[in-house]
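Residue numbers (our numbering), protein chains in the order written: chain V, 1 to 430; chain Z, 1 to 430.
Since the hints were derived computationally from the structure, they do not count as laboratory data.
Note that the coordinates shown come from a computational prediction; the quantities given were computed from them, not determined experimentally.
The reader is advised that the hints may include incorrect statements.
Said to hold, decoys possible - DSBU-like, lysine-lysine: derived pairs with alpha carbons at most 35 Å apart:
(1) V:Lys278 - Z:Lys383
(2) V:Lys111 - V:Lys26
(3) V:Lys383 - Z:Lys278
(4) V:Lys372 - V:Lys383
(5) Z:Lys278 - V:Lys278
(6) V:Lys278 - V:Lys383
(7) Z:Lys111 - V:Lys26
(8) Z:Lys26 - V:Lys111
(9) Z:Lys111 - Z:Lys26
(10) Z:Lys383 - Z:Lys372
Number of protein chains: 2
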Amino acid sequence: MGESINVALLGLGVVGSGVARVLLAKGEAYARRLGRPLRLHKALVRDPRRPRAVDVDPSLLTTEASHILEDPQVHIVVEAMGGEEPAHTYIREALARGRYVVTANKEVMAKHGPSLMSLAHQQGVDILFEASVGGGIPIINPLRRDLAANQIRALRAIINGTTNYILTRMAREGLAFQDALAQAQELGYAEPDPTNDIAGHDAAFKLSILASLAFNTHIPPEAVYREGITALTPRDFRYAHELGYAIKLLAIARHHGDDGLEARVHPVLIPQEAPLAKVEGVLNAIEVEGDLVGRVTFQGPGAGALPTASAILADVLDAAQALIHGRPPSPWHPPSPIPLRPMEQLARRYYIRMEVADRPGVLAQIAHCFGKHQVSIASVIQKETNEEAQTAEIVIMTHTAQEAAVRATIADVEHLPVVEQVGTFLRVED
Amino acid sequence: MGESINVALLGLGVVGSGVARVLLAKGEAYARRLGRPLRLHKALVRDPRRPRAVDVDPSLLTTEASHILEDPQVHIVVEAMGGEEPAHTYIREALARGRYVVTANKEVMAKHGPSLMSLAHQQGVDILFEASVGGGIPIINPLRRDLAANQIRALRAIINGTTNYILTRMAREGLAFQDALAQAQELGYAEPDPTNDIAGHDAAFKLSILASLAFNTHIPPEAVYREGITALTPRDFRYAHELGYAIKLLAIARHHGDDGLEARVHPVLIPQEAPLAKVEGVLNAIEVEGDLVGRVTFQGPGAGALPTASAILADVLDAAQALIHGRPPSPWHPPSPIPLRPMEQLARRYYIRMEVADRPGVLAQIAHCFGKHQVSIASVIQKETNEEAQTAEIVIMTHTAQEAAVRATIADVEHLPVVEQVGTFLRVED
Chain V
1 MGESINVALL GLGVVGSGVA RVLLAKGEAY ARRLGRPLRL HKALVRDPRR PRAVDVDPSL
61 LTTEASHILE DPQVHIVVEA MGGEEPAHTY IREALARGRY VVTANKEVMA KHGPSLMSLA
121 HQQGVDILFE ASVGGGIPII NPLRRDLAAN QIRALRAIIN GTTNYILTRM AREGLAFQDA
181 LAQAQELGYA EPDPTNDIAG HDAAFKLSIL ASLAFNTHIP PEAVYREGIT ALTPRDFRYA
241 HELGYAIKLL AIARHHGDDG LEARVHPVLI PQEAPLAKVE GVLNAIEVEG DLVGRVTFQG
301 PGAGALPTAS AILADVLDAA QALIHGRPPS PWHPPSPIPL RPMEQLARRY YIRMEVADRP
361 GVLAQIAHCF GKHQVSIASV IQKETNEEAQ TAEIVIMTHT AQEAAVRATI ADVEHLPVVE
421 QVGTFLRVED
Chain Z
1 MGESINVALL GLGVVGSGVA RVLLAKGEAY ARRLGRPLRL HKALVRDPRR PRAVDVDPSL
61 LTTEASHILE DPQVHIVVEA MGGEEPAHTY IREALARGRY VVTANKEVMA KHGPSLMSLA
121 HQQGVDILFE ASVGGGIPII NPLRRDLAAN QIRALRAIIN GTTNYILTRM AREGLAFQDA
181 LAQAQELGYA EPDPTNDIAG HDAAFKLSIL ASLAFNTHIP PEAVYREGIT ALTPRDFRYA
241 HELGYAIKLL AIARHHGDDG LEARVHPVLI PQEAPLAKVE GVLNAIEVEG DLVGRVTFQG
301 PGAGALPTAS AILADVLDAA QALIHGRPPS PWHPPSPIPL RPMEQLARRY YIRMEVADRP
361 GVLAQIAHCF GKHQVSIASV IQKETNEEAQ TAEIVIMTHT AQEAAVRATI ADVEHLPVVE
421 QVGTFLRVED
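Turn these sequences into a full structure, and let the hints steer you where they fit.
Below, the structure written as structure tokens:
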């Protein structure tokens, strides 16, 4: 059957163990397909004595990255450690030594993707990262290959399962954010420190990767506008529902031609009948809009050991085939800079919820602020009043307005003595 | 920029014109990406003087296939004629002469896919057919590459836009089948002779292609069990809705390990909250279930000149890259025969609507037939009665039962003098 293709794993946590388990279980089936054995050759771990979900031969474990990176018998390095460092350095080292690299690391790919792809290109190898976005959902390769004839116009995605699970529970059961988060943590859907998910960092990393590919540019993750979901209340979900909308954390990128790119992650109101509104629980979905194809949507489990292993091992099989058949790596085009549009230029309809004093003339004062900034009000609903505190809740939906004008309006409204606070401010995505 | 990659088109109808239009409009952008010009070199047409939606240089038109097939300057042949012959013969000829072939032809690929792929493999080229299923939705390549680490367990798909449009109108507006069909024809969504779509042939071709790839076998289209949508009535949609279901024409293939494969196209009841139940109008959606990834769904426009051109040109760009970079064609594995399970072995819940005489004792006689064949009744609803004709309508939902037993039951029920007719008989897909 010829010499084996040797795979080394950096990291044997949830994702790494999943990959090892599948490699051990399916190695023979994969070998039949490749015509060459595909073997787990080494695995980097922190503590070789720790019990694991997978029965890896202890002689394959090492605590020294150099034992893998400097081993000439390793053909494919699978990075499954997560986090920026030392993963980034190890990946760079592996590529520099002419190894194929497969990674699930969204932070590394978001921050260093273009320079790593350039390095891979110089070395005549490839860095494959299908698993870095959307778990097992094929999206990176379809963007690179299957939609390559299109000019991509926009991406809209639910790419963080934790927050989508929390929002689904809040919408369905009227839970408060903290209670929905606690339940997500109990079920293992949210980390003990959930900041990375609930503040939108994870989604921003993934949007950075997708948008950089779709528009052949580099959008560093810190350039993505970002708001989390912590300020949402059960009342927002009730009002949104009444108005015919769902609330979702969307990652959105859109190409405005010469006017540049927008790239943002924040909760939005989206019509209940929109396909993305119906994506529930931990599922992910990515909608791609191309000039030829129109809108196509990719949906599935966005996380989990086996779905992620599905994506990683597809890349491993692809790299193995490239090695076996002497196939040149996929062509690489240096990214072109495209200016990012400031959020202030965004034009959307807006939902604004505020607590106000419950007395005559209040609405007139608020409406005056909106008028002053040319923000046109589409509807006003005065919601439940709190008789004790003598306050009422007002929800205003605007017509399409510029974000700069809406923010200036809110700043003015917040200064009105009759306004207790502006609670939530959400953009509408149609 | 080097010598051009020359593309020849067989057929300049809706799909062919779309491809030509995009090639002319985007040729330069594609050339920049490839590093070599990509040119429309020749196009086979029936009548060169016919006016067309695209402005192709008349000197490129030919009425002789041999002018294209025997031209050594042609690198990539795009077949956009449709129908089995002469398309199949031309594709075979092009491959035999070492040309890359890109096709949107579901009939040819369903019937001859494995032998054409084998021929391409022998010739060191490739036949690419992303456009043959699901229009612009990436599904063929994701199955072949991105889900390659999985053992595929099942496919469930809405892959005929015409019938999905008709069913959507029937469900939403209570239209009769003939009226919904007439509207689809008016809008150009259905052909003047709609048999191919409404009888399920088109969906069976596409299922044959998908299932053959997913299970690495060859399922000839005539081996796919097939029922069309012509027998459905507005009442079925009303009852289905009351019971919490939508009615969809699904193409389903499932691997039962040593028990063989099922492959079937027919209308089903599917729970309203299932993702496939929410796919409306001319949209297509393909759900793939793999042992690692779980369920992933691909959704988008399943037809139309530009979405189909999106898929064809992605394949053309891929073939061009293979030619330019000397990349070997994708590996090919001869299909293994897998036995097909007869429909009689299917185990499902069933919906049966029948017209019966409106008098006491009728239900007892019907229930007796069900009991005799061990088909357990889950619920019976007696629906509107026709007082003049003294008939009533009964809808029976069964528990899970074997298709053979249900069919035997229905044959018995049809022989009861109190039963006017068994109207509709639908399988439930959960």
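Structure-based check of each hint:
1. V:Lys278 - Z:Lys383: Given that 35 Å is the threshold and the Cα spacing comes to 32 Å, the pair holds.
2. V:Lys111 - V:Lys26: At roughly 33 Å apart (the allowed maximum being 35 Å), Lys26 (chain V) and Lys111 (chain V) satisfy the hint.
3. V:Lys383 - Z:Lys278: Roughly 32 Å separates the two Cα atoms, so the pair holds.
4. V:Lys372 - V:Lys383: holds, 24 Å
5. Z:Lys278 - V:Lys278: holds, 9 Å
6. V:Lys278 - V:Lys383: holds, 26 Å
7. Z:Lys111 - V:Lys26: Holds - the C-alpha atoms of Lys26 (chain V) and Lys111 (chain Z) are around 31 Å apart, at most 35 Å.
8. Z:Lys26 - V:Lys111: Roughly 31 Å separates the two Cα atoms, so the pair holds.
9. Z:Lys111 - Z:Lys26: At roughly 33 Å apart (the allowed maximum being 35 Å), Lys26 (chain Z) and Lys111 (chain Z) satisfy the hint.
10. Z:Lys383 - Z:Lys372: With a Cα-Cα distance of about 24 Å, the restraint between Lys383 (chain Z) and Lys372 (chain Z) holds, given a limit of 35 Å.
In the structure shown, no violation is registered for any of the earlier numbered hints.
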